[in-house]
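Chemist: Letter by letter, the chains look like this.
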Amino acid sequence: MTARALRLSTLSVVTLLVSVPLWAADDGARDWLVKMTRAVRNLDYEGVFVYQHESRIDTLRIVHKIVDGAPHERLVSLSGTPHEVIRDAREVRRYYPDENAVVIEQRRADNQNFPSILPDRLQDLDENYTIQLGKNGRVAGRTAQEILIRPRDSYRYGYRLWSDRDSGLLLKADLVDDKEHPLEQFVFTQVNVGGVIPMSALQPQTATTGMVSHRDNRELSSSEPLWTATKLPKGFRLLMQIRREVPLRKKLVEHLVYSDGLAAVSVFVEKFDAPDDKARVQGTSRMGAVNAYGTQIDQHHVTAMGEVPSATVSLIGSSVARRQ
Amino acid sequence: MSEKLSALMDNELSELEQRRLLEELKGDANQRATWERYHVIRGALRKEDLYRAPASIADAVARAIESEPARRRSFTANLTKIAGGFAIAASVAVVAIVSVQSPFGPSKDTSPVAQTAPAAATLVAQPGPRAPAPANPLNRYLVEHGEISPSAGMGNMVPYVRTVNHDNVK
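In order, the protein sequences belong to chains Z and Y.
Numbered by the working numbering, the letters in the first sequence go through residues 1 to 324 in order.
Numbered by the working numbering, the letters in the second sequence go through residues 1 to 170 in order.
Because the hints were derived from the structure by calculation, they are not lab data.
Fair warning: this is a prediction, and the values are worked out from it, not measured in the lab.
Take the hints with a grain of salt, since some may be wrong.
What the hints assert, rightly or not - So, partial list: chain Z residues that the calculated Cβ filter (under 8 Å) puts toward chain Y:
#1 V50
#2 A201
#3 L202
#4 Q203
#5 W227
#6 H255
#7 V281
#8 G283
#9 V290
#10 T303
To be verified - Non-contacting residues of chain Z with respect to chain Y, defined by C-beta distances greater than 10 Å in every case (computed):
#11 P233
#12 R244
#13 S266
#14 M305
Just so it is clear, CB atoms sit at the ideal spot from N, CA and C, and this is done for glycine as well.
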């Protein structure tokens with residue numbers, strides 16, 4: 001890039017370089033990203049999709065309906081262990097018929113806490129990724145536009161997205177490594193967009209009588225973070241921080257989220273008091289597309305994780321220190 | 001000669017010996033073939049190590065949980081503490097880790113683990129030893145990370161898919 005920039009400048013098109021940022025994304029591609037985000041916020045759809053990672057394939061059914069301006073969703077596993085997730089603006093309910101259990105998680109009151117990648121962070125995206133339109137293709141019987149998002153350095157992964165040409169709905173998403181090999185893939189195999197979805201389709205199909213319900217851990221009001229990552233790869237910045245109490249254990253966990261506009265790295269800091277706690281993850285580990293790094297500092301466990309290369313979580317995790 | 005080759009493979013020869021041996025190899029097709037065979041064997045051995053490792057990890061985990069009621073209880077208590085969903089995810093941990101490592105897919109040996117833990121999730125919370133299984137916190141974190149991750153995936157359901165639809169091995 002630099003070499004090319006130099007050559008260009010010798011051709012005295014410096015003004016061009018100044019007026020058009022080097023990282024200018026393909027405008028068409030940007031428009032598609034915006035369209036895709038709006039689709040999730042505005043569209044009703046239902047369909048079946050496949051999630052593939054490592055050597056595993058899961059099939060799931062999704063119902064997505066906008067109720068009073070907020071997306072409500074129902075997700076049902078069609079393969080493997082029966083499982084159902086109902087989610088609205090307030091809470092997430094997970095049903096596990098095999099275990100006769102339902103788990104209820106409160107959603108954050110403030111929906112802003114759920115960063116949508118787009119479009120507000122397009123600028124950030126541009127600094128860290130190149131965004132280009134790809135080819136036209138077909139996914140789930142629909143014409144789809146491919147959008148290629150490539151990282152500008154090795155601290156993040158790339159994405160290949162296919163967006164429905166009619167509605168903008170994301171039909172297929174691949175997370176790819178530096179060799180463009182997929183780390184995980186989501187793809188609709190069948191989808192209906194814009195049809196009428198009755199409210200009943202959002203009700204759990206799992207028989208809930210006699211289920212034991214579990215409340216999720218409590219979130220404490222946000223206050224100033226006590227910890228911070230002192231080193232971040234270019235483009236990453238603190239997006240949010242949460243402090244929660246883990247029920248029964250009465251332990252506080254500080255959760256910091258760093259993002260470059262697309263990828264997110266979570267940093268968890270938790271005090272340890274028992275020796276057996278030392279059995280925690282140390283160093284790097286990997287779960288599918290998620291890399292994690294664990295370390296200890298000042299009687300605290302620090303765990304950094306995210307859908308980013310191992311080097312990124314290591315860099316961030318190992319730099320965590322008390323905030324001055 | 002074979003011993004020398006073997007020593008060469010293991011990097012146990014001095015520089016001088018190495019050079020001498022390599023000179024000899026140049027002029028001796030038979031010895032070169034032996035040398036090659038050693039490499040093939042070593043490759044196979046290494047591969048075997050690689051394949052064997054996950055299975056033995058799975059065995060170890062399954063055995064540990066099966067054979068230690070006390071530990072199972074603490075696992076249970078802990079699972080209940082971290083509230084069901086995480087418990088499920090935690091049990092997956094073992095399966096996930098193994099399936100990641102095993103080139104043949106999840107080992108059968110992991111199934112006791114997968115089944116023991118979630119079944120325990122419905123038990124009433126009881127005070128128990130703290131001791132989370134090593135993979136446990138990571139999975140709890142994974143769920144929490146999933147909640148906030150501005151994923152480019154299928155709407156916002158991705159985190160749930162990732163952390164939840166785990167046990168597909170039946």
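Chemist: Taking the hints in turn, state whether each one holds.
Modeler: Quick rundown of the hints versus the structure:
no.	hint	result
1	V50	10 Å, violated
2	A201	15 Å, violated
3	L202	13 Å, violated
4	Q203	17 Å, violated
5	W227	15 Å, violated
6	H255	6 Å, holds
7	V281	5 Å, holds
8	G283	12 Å, violated
9	V290	6 Å, holds
10	T303	6 Å, holds
11	P233	16 Å, holds
12	R244	8 Å, violated
13	S266	4 Å, violated
14	M305	5 Å, violated
When the structure is compared with the earlier hints, violations turn up for hints 1, 2, 3, 4, 5, 8, 12, 13 and 14 and for no others.
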